[in-house]
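A.B. asks: Now for the letters of each chain:
Number of protein chains: 2
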Amino acid sequence: MSAYADRLIEAVRRKDTPLCVGLDPFTDRIPALFGDAREDTSAVLKFGASIIEIAQQHAAVLKPQLGLFEQFGEMGYATARLLTEQARGAGMIVLLDAKRGDIGTTAEGYARATLGPKPGFDADCVTVNPYMGLDTLEPFLSVAERASKGVAVLVRTSNPGAGDVQDLQVGGAPVWRRVGEMLSGATQRLKGVSGWSGLMAVAGATYPEEARALREVMPDALFLVPGYGAQGASAADAVAGFVTKPKGLEGGVVSSSRAVLYPQAAQAAKNMSEWRAAIGDAMAAAAAELRAACAR
Amino acid sequence: MSAYADRLIEAVRRKDTPLCVGLDPFTDRIPALFGDAREDTSAVLKFGASIIEIAQQHAAVLKPQLGLFEQFGEMGYATARLLTEQARGAGMIVLLDAKRGDIGTTAEGYARATLGPKPGFDADCVTVNPYMGLDTLEPFLSVAERASKGVAVLVRTSNPGAGDVQDLQVGGAPVWRRVGEMLSGATQRLKGVSGWSGLMAVAGATYPEEARALREVMPDALFLVPGYGAQGASAADAVAGFVTKPKGLEGGVVSSSRAVLYPQAAQAAKNMSEWRAAIGDAMAAAAAELRAACAR
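These protein sequence lines are chains A and B, in that order. The C-terminal position of the first sequence is numbered 296 in the working numbering, with every residue numbered one higher than the one before it. The C-terminal position of the second sequence is numbered 296 in the working numbering, with every residue numbered one higher than the one before it.
The following block holds chain A by itself, in its conformation from the complex (with noise of 0.2 Å):
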């Protein structure tokens, strides 16, 4: 199988918008068309199931969000892994947003559960946390390795409070900076022909600079660019960690969760029909929204 990194972005550029289908299951947002999901985890498998048949015309890649599924408990955490295999299935890319991060023997544990086969999610790529150290990420660059598939290292995150450790300064750069250089020889092995690497970098769409500086130390990771949509980022934030290439910006996937899944006109169908319609048009917009930052 090709590398991770040229599945990813040759998905990309077939679909011509680095858009990426955050799937986040909110029990209180799911519209009733599907069940109650307060009550029923499958009312959250429907909805799923029907975010995934549209997506796949929109995006090439889903991210399902791991935590807002593992509230439901196990029957959550089946449903996770059976959307992953229909997204699969249907030709997407799943990066499994699950930040873990653990040390040697459970890390292994960890990285079979999500990148292995089944009873495994078999993702494309799961997101994992550094800040335990390079010896936690080796069972997961491992698995990547060997079976084609990708790692999404956080080092600079979209939230309010990202900074209070990512941007405490060593020797005068900030901890992110240092994270990312770090992961220079984990790039190189992830790396496919497309000159891309499979080993991802979560950089957030809130801080465009700081994406753009991440770039330098970085020049071949993929990014995961969370942040953009309803998290406030405007599409040319978040591609501003993107390198110029003859056919405009590329360099990773921006994701996109709740403005794909629950637009006000989805929330407000009166049926299925109605509901297809609004979120085929909310993705629409978003990869074209996308697609334009891209094109300069």
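Keep in mind the hints are simulated off the structure, nothing from the lab. This structure is a prediction, so every number in the text was calculated from the model and none was measured. Treat each hint with caution, since some may be false.
Same chains, same names: a pair is fine if it fits in one copy or spans any two.
[What the hints assert, rightly or not] Straight-line alpha carbon distances no greater than 16 Å define the calculated EDC-like cross-link-like pairs of lysine to aspartate or glutamate that follow:
| id | residue 1 | residue 2 |
| --- | --- | --- |
| 1 | Lys191 | Glu10 |
| 2 | Lys245 | Glu10 |
| 3 | Lys191 | Asp40 |
| 4 | Lys245 | Asp16 |
| 5 | Lys118 | Asp281 |
Model the placement of chain B on the given structure of chain A, informed by the hints.
C.D. replies: Same frame as chain A, now just chain B:
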């Protein structure tokens, strides 16, 4: 209900040992007596259930390592939840080692999943990663405050690469020390009448000097000390961050996994009664060794 910190310290005093049994299911070490753990999660469930029956006699606290359950998919996840229920039913305090961490609503999802009632784990405490900032800990703290639970934050971990990020120097002090300082507000919020706080700090036994230094920064935090036993730290190292009280040292729990789950005598056991005796001996020895280390 009493504050988590009070329940924990009282339970440790009653058992007269800070031993915390780490529940780490390794597929290739679970004895064939329980079935083949590589094929069937019911072997993991039976093994875990038997471990808890013995552990409740020797230790106040159980620490299931969620990553090693997740490698079995949703059935593993469910197994960890059932074992948590069993251990709490038997009066043990369950510290779920999940090392979660995410932003806003996703962190709320993880907080519900780990500390919340069914379909959550309803664990007494959960381990969390501080890299994403204080706002990402808030949902856990808020559930902990409401439900008399605890939150154990990774500060200085026990693995070889722990220093990659945690030891970066920020104005003359390492990142882990800054993280400890940042947690003082949270520590106050989870303080019990015992004077101890349910905001626990994960402080690796393999770095006793650092546990002592961290104690100065976090005088009221209970420590969760991993790395004792198989990871090479001595009992004296493990309690290095504890403080002197009239009855000896106290201030947290010390986790042992491999040494009490897979001692040689248990691996060689020919039947269940030999296995039970071997596990009981290993746990009694660990409990006694830590008791002795505290009695000074």
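A.B. asks: State for each hint whether it applies.
C.D. replies: Now the hints, each set against the structure:
1. Lys191 - Glu10: The answer is within: 14 Å in one copy meets 16 Å, while 53 Å across copies does not.
2. Lys245 - Glu10: Classified as within: same-chain Cα gap 14 Å, cross-chain 63 Å, threshold 16 Å.
3. Lys191 - Asp40: The answer is neither: 42 Å in one copy and 37 Å across copies each exceed 16 Å.
4. Lys245 - Asp16: For Lys245 and Asp16, only the intra-copy Cα distance (13 Å) is at most 16 Å; the inter-copy one is 66 Å.
5. Lys118 - Asp281: neither (34 Å within a copy, 37 Å between copies)
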